[in-house]
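*Asks:* Chains as they are written, first to last, in the numbering used here: chain A, 4 to 178; chain B, 1207 to 2006.
Among the hints, a few may not be true.
As the list claims (entries may be wrong) - In silico DSS-like links for lysine-lysine, alpha-carbon gap of 30 angstroms or less:
#  : chain 1 : residue 1 : chain 2 : residue 2
1  : B       : Lys-1484  : A       : Lys-140
2  : B       : Lys-1484  : B       : Lys-1236
3  : B       : Lys-1521  : B       : Lys-1484
4  : B       : Lys-1521  : B       : Lys-1378
5  : B       : Lys-1780  : B       : Lys-1371
6  : B       : Lys-1708  : B       : Lys-1236
7  : B       : Lys-1303  : B       : Lys-1916
8  : B       : Lys-1236  : A       : Lys-28
9  : B       : Lys-1378  : B       : Lys-1303
10 : B       : Lys-1708  : A       : Lys-114
11 : A       : Lys-114   : B       : Lys-1236
12 : B       : Lys-1371  : B       : Lys-1303
What the hints assert, rightly or not - Chain B is nowhere near these chain A residues, computed Cβ spacing over 12 angstroms in every case:
#  : residue
13 : Val-27
14 : Thr-36
15 : Val-37
16 : Asn-40
17 : Leu-77
18 : Asn-78
19 : Asp-93
20 : Phe-116
21 : His-120
22 : Pro-143
23 : Asn-144
24 : Val-168
25 : Lys-169
26 : Gly-177
It should be emphasised that the hints constitute simulated quantities derived from the structure, not laboratory data. In this text the structure is predicted, and so the values were computed from the model without any measurement. Note that CB positions come from ideal geometry on N, CA and C, so glycine has one too.
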Amino acid sequence: MAPILVHDGRAIGGTPIRKGGSLVKIRVTVNGTVHENEVEPRTLLVHYVREALGLTGTNIGCDTSSCGACSLHLNGEAVKSCTVLAVQADGCEVTTIEGMAQGGEMHPMQKAFMENHGLQCGYCTPGMVMAATSLLKENPNPTEEEVRIGLEGNLCRCTGYHNIVKSVLACAAGD
Amino acid sequence: MTDLQDRPAAVLGSRLLRREDPALLTGEAKYTNDLNVPGALHLVVVRSPYAHARITSVDVSAALDVPGVVAAYSGADLATVWAAPMPCAWPVTADMKNPAHYPLAVGKAAYVGDGVACVLATSDTAARDAAELIDVQYEPLEAVVDLEDALSDRVVIHDDLGTNKSYQWDLKIEGEPGQVDAAFAAAAYTVSERYVQQRLIPVAMEPRAVCAVPQPFGGDITMYSSTQVPHILKVMSALTLGIPEHQLRVVCPSVGGGFGSKLNVYAEELLCLALARKHGVPVRWNETRSENHVATIQGRGQIQHIELAADADGKLTAVRVRLLADMGAYLQLVTPGIPLLGAFLYAGVYDLPLAYDFSCTSVFTTLTPTDAYRGAGRPEATYAIERAMDALADTMGIDPMELRQRNFIRKEQFPYTAMTGLVYDSGDHEAAASKAAELADYAGVRARQAAQNVPGAKKVVGIGQASYFEMCGLAPSRVLASLNYSAGGWEAATVRVLPTNKIQVVTGTAPHGQGHETSWSMIVAEKLGVSPDDVDVLHSDTAIAPLGLDTYGSRSLPVGGVAIAMACDKVIDKAKKIAAHQLEADEADLEFAAGTFSVKGTPDRSLPLAAIAFEAFTAHNLPDGMEPNLEAHTTYDPPNFSWPFGTHICTVEVDTETGHVEVLQYVAVDDCGVQVNPLIVEGQVHGGVIQGLAQALFEEAVYDSDGNLKSGTLAEYLVPAASDVPSLTLGHTVTPSPTNQLGVKGIGEAGTIGAAPAVINAIVDALSHLGVRDMPMPASPHTVWNAINAAQHTTNGASK
Chain A
4 MAPILVHDGR
14 AIGGTPIRKG
24 GSLVKIRVTV
34 NGTVHENEVE
44 PRTLLVHYVR
54 EALGLTGTNI
64 GCDTSSCGAC
74 SLHLNGEAVK
84 SCTVLAVQAD
94 GCEVTTIEGM
104 AQGGEMHPMQ
114 KAFMENHGLQ
124 CGYCTPGMVM
134 AATSLLKENP
144 NPTEEEVRIG
154 LEGNLCRCTG
164 YHNIVKSVLA
174 CAAGD
Chain B
1207 MTDLQDRPAA
1217 VLGSRLLRRE
1227 DPALLTGEAK
1237 YTNDLNVPGA
1247 LHLVVVRSPY
1257 AHARITSVDV
1267 SAALDVPGVV
1277 AAYSGADLAT
1287 VWAAPMPCAW
1297 PVTADMKNPA
1307 HYPLAVGKAA
1317 YVGDGVACVL
1327 ATSDTAARDA
1337 AELIDVQYEP
1347 LEAVVDLEDA
1357 LSDRVVIHDD
1367 LGTNKSYQWD
1377 LKIEGEPGQV
1387 DAAFAAAAYT
1397 VSERYVQQRL
1407 IPVAMEPRAV
1417 CAVPQPFGGD
1427 ITMYSSTQVP
1437 HILKVMSALT
1447 LGIPEHQLRV
1457 VCPSVGGGFG
1467 SKLNVYAEEL
1477 LCLALARKHG
1487 VPVRWNETRS
1497 ENHVATIQGR
1507 GQIQHIELAA
1517 DADGKLTAVR
1527 VRLLADMGAY
1537 LQLVTPGIPL
1547 LGAFLYAGVY
1557 DLPLAYDFSC
1567 TSVFTTLTPT
1577 DAYRGAGRPE
1587 ATYAIERAMD
1597 ALADTMGIDP
1607 MELRQRNFIR
1617 KEQFPYTAMT
1627 GLVYDSGDHE
1637 AAASKAAELA
1647 DYAGVRARQA
1657 AQNVPGAKKV
1667 VGIGQASYFE
1677 MCGLAPSRVL
1687 ASLNYSAGGW
1697 EAATVRVLPT
1707 NKIQVVTGTA
1717 PHGQGHETSW
1727 SMIVAEKLGV
1737 SPDDVDVLHS
1747 DTAIAPLGLD
1757 TYGSRSLPVG
1767 GVAIAMACDK
1777 VIDKAKKIAA
1787 HQLEADEADL
1797 EFAAGTFSVK
1807 GTPDRSLPLA
1817 AIAFEAFTAH
1827 NLPDGMEPNL
1837 EAHTTYDPPN
1847 FSWPFGTHIC
1857 TVEVDTETGH
1867 VEVLQYVAVD
1877 DCGVQVNPLI
1887 VEGQVHGGVI
1897 QGLAQALFEE
1907 AVYDSDGNLK
1917 SGTLAEYLVP
1927 AASDVPSLTL
1937 GHTVTPSPTN
1947 QLGVKGIGEA
1957 GTIGAAPAVI
1967 NAIVDALSHL
1977 GVRDMPMPAS
1987 PHTVWNAINA
1997 AQHTTNGASK
């Protein structure tokens, strides 16, 4: 994992810049706020949001882009943020789970997860919510099978998916 | 003050939404790796690439040159840090072999992933870069992967033990000497089956993480850890490191699942503690998923031989079991006890005479240690008996449902003293099975099967059943003593009424997704007549909840939840004395309902708990000699295990040309007694069933003959996705537990226990007309296809 460097040229935790690391300045709008940071080119977007911005709601569950726990929205579409370099997000709009609730109100998808017990330990949940909202944007009235296929990039170990699927269908139906 | 009119009519049993959810849904919740700990050093462990090798040298010098690196150590460098080897809390026999196991290996690495060195740096990146520069020289030795090979001692893993056998544990119960042998000799029918419980990787979605924060000038140290067992971890860590126990505090932030894999004391926890003390600064470690696959315990890993003897009606007359259990390279916290948790359940839910012969032999291999994984011994036992019952039904030529009906312990036999001496407190298997059969349309599927499973059919249908008893709610301390378990099975609770009638509950349970805050608040609300919203549940911090035995073995509700109810009773008792004093009434004349004490027959003479709470706080007018404040503490040691039960029925369609299995319907009827919150109960069943179904269809820790894990990442290890699994049909029956005041039983593991045998029974049932009698797990398309073809070759060969 790359050290995440911030404005003053020091990594989070006070680590000095490693010699030879060529830094790239990026400007990313995250949850409506513009952030300018210098990052190593190898920095993944997930590490950028977690470590440089302190947005730890985006979780890391694997190292093979298999689990989807780190899903967030890049220009309105769900991506696994471990498959995107921070530099690729330069000039982009990013929404993380912290940006979903508005004015103290949870997003309808978050409410649907709560009302349908679509989460237990909660670790996959931010990624699931981001993937599910993106899914409904593409397909506002999915069948159960379409929800299952649409979420196949996001793993959950607690719920057996039953109530996650139910949550997404309920959100689509406006329940 | 709470308006009692706002309180739901009945809190217990309602589908109250979880109070845990908003923080988890909005990203506010902090898991261990989310904690911002200034100045923390990052620990990275260097792991053996060999399953079995002598460590001939460790050179850390190149790592020390990496900018940001503070220190690097070999196992030998840290050998003097440990006051004791890593703990195994379950020496199941007096002569059990237990190799010394240290957080970093010295001299020999015994599995791929065994820690051999470590590095500390100011950033995770620097530590990882430096770890690659540590030069460890190995002399590779032959790996021991196969259990039967391990037992032969052809290659001995731990030189000082002289053998790979850890222990043998026997349980033979006979009414008359020789009854088991006699029953087999006299049996009208017998079956003898061999099943393999493949190794499974638990894959809690949150990998493990630790952060140890010392206070160098006071000597205290706080360890944040993604663990299920903060209390056990605290005691064991203190003993292993020689830290005074009162100076160690363990805190679990949000924990992202466990399934038994975080019921342990791990090398990295001990390393973080030791190095934080040594360097006087916080030390943190976060596990990568690939590390998790080798460095966190694995589940199952058993070869089971089960034999059933039955009379002409199919009534069981004896059961004989021979287990060979894979301990892995070392004994972790409760490794040796896991197969024995199943020892009492190989007769399943059936009325067996005193003719039971169980023996377990456990061996070391050069693989990741095994330990508790959801169900822990009980899914294995249930799988064996439920598969063997189908084999017996097949041998007899009767429907497996019919065979089970003939053998069930009948409702009127409860409480039932099993041949093992354990008392099954309650049950109604006929009701659960008939409800499941109805939901699954058992008769309809059989009719469809008769029409569809014709010679040459591409797609065939099968239906499979599993009925189970789960021995959970660990556990009566004296029973644990008889099994040589090193701890008790009690749980602690404190209920404290604050001056404004808000309630604090302190519990020793340590939730990691189960929703204890919600459920415990419901128990208190019901008992004290307050709103659940007025109840705060404190847990998972040994400074706040100093007493507890944590969360595993479906124990939290039937032990921890009951402890809370009992503490509420004590609070009510004290409040009643205050009420009697203030109302100038006799205690015996008072009744307590909906949060208010009133004099029987004169309801206008009453005092709400809220007023009493304030009186207890001001202490201006309490009965003579009474201590101020309103709080009570309970430590509850359950008199018996908790015995949830149920029947699961799975219907599958198998493509005989591709081997693909499609689950058409999955019905689970579970009985966990009184349900505190059906929403949470259903969630536990859903997750459990899919984990069991995943063992049946998808998951296996695959090792090559050199002991390399071939399913070392989530790209190769098939945790099912939403698209791989079906929706579930749940039903339930309610048979309250007679052993606790709430009538509750555990439900965390039930789904997993029922699922694997139900799915495999369905697949074998679908293919039985082709001559298939068994199906290894996981039943991947390749495995199913092979089984079909092997059976057809056998059939063709026989007909020639």
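*Asks:* All hints, please: hold or fail.
*Replies:* Results for each hint:
A hinted pair counts as satisfied when its Cα atoms are at most 30 angstroms apart, and Lys-1484(B) with Lys-140(A) does not qualify at roughly 53 angstroms. A C-alpha spacing of about 27 angstroms is found between Lys-1484(B) and Lys-1236(B), which places the hinted pair at or below 30 angstroms, so the restraint holds. Between Lys-1521(B) and Lys-1484(B) the CA atoms are separated by roughly 64 angstroms; this puts the pair beyond 30 angstroms, and the hint is violated. With a CA separation close to 20 angstroms, the supplied pair Lys-1521(B) and Lys-1378(B) stays within the 30 angstroms bound.
At most 30 angstroms may separate the alpha-carbon atoms for a hinted pair to count; Lys-1780(B) and Lys-1371(B) exceed this at roughly 56 angstroms. With a CA separation close to 25 angstroms, the supplied pair Lys-1708(B) and Lys-1236(B) stays within the 30 angstroms bound. A hinted pair counts as satisfied when its Cα atoms are at most 30 angstroms apart, and Lys-1303(B) with Lys-1916(B) qualifies at roughly 29 angstroms. This hinted pair checks out: Lys-1236(B) and Lys-28(A) have alpha carbons roughly 29 angstroms apart, not beyond 30 angstroms.
Proposed proximity of Lys-1378(B) and Lys-1303(B) is supported: the alpha carbons are some 22 angstroms apart, at most 30 angstroms. As the CA atoms of Lys-1708(B) and Lys-114(A) are separated by approximately 27 angstroms, the hinted pair is consistent with the 30 angstroms bound. Distance hint between Lys-114(A) and Lys-1236(B) is fulfilled; the C-alpha atoms sit about 20 angstroms from each other, no more than 30 angstroms. Pair hint Lys-1371(B) plus Lys-1303(B) holds up; C-alpha atoms about 7 angstroms apart against a cutoff of 30 angstroms.
Its beta-carbon lying about 16 angstroms from the closest one in chain B, Val-27(A) satisfies the requirement of being farther than 12 angstroms from that chain. At the 12 angstroms boundary, the C-beta of Thr-36(A) stays outside the reach of chain B, the nearest C-beta of that chain being 15 angstroms off. Look at Val-37(A): its CB is around 20 angstroms from the nearest CB on chain B, clear of 12 angstroms, so calling it non-interface holds up. Every C-beta of chain B lies more than 12 angstroms from that of Asn-40(A), the closest at about 16 angstroms, which supports listing it as non-interface.
Consistency note on Leu-77(A): stated as away from chain B, and its beta-carbon is indeed over 12 angstroms from all of that chain's, at 17 angstroms minimum. The Cβ of Asn-78(A) sits about 20 angstroms from the closest Cβ of chain B, beyond the 12 angstroms cut-off, so the non-interface label holds. For Asp-93(A), the shortest C-beta to C-beta distance to chain B comes to about 21 angstroms, beyond the 12 angstroms cut-off, and the non-interface label holds. Listed as outside the interface, Phe-116(A) is inconsistent with that label: its C-beta sits roughly 6 angstroms from the nearest C-beta of chain B, within the 12 angstroms cut-off.
Not every Cβ of chain B is farther than 12 angstroms from the Cβ of His-120(A); the closest lies at roughly 5 angstroms, contradicting the non-interface assignment. Remark: the non-interface label on Pro-143(A) is consistent with the geometry, its nearest Cβ contact in chain B lying 19 angstroms away (cut-off 12 angstroms). With a least CB separation of 18 angstroms from chain B, Asn-144(A) remains clear of the 12 angstroms interface cut-off, as annotated. With a cut of 12 angstroms on Cβ distances, Val-168(A) falls inside the contact zone with chain B, its closest approach being about 6 angstroms.
For Lys-169(A), the condition that its CB be more than 12 angstroms from all CB atoms of chain B is violated, with the nearest at approximately 8 angstroms. For Gly-177(A), the condition that its CB be more than 12 angstroms from all CB atoms of chain B holds, with the nearest at approximately 18 angstroms.
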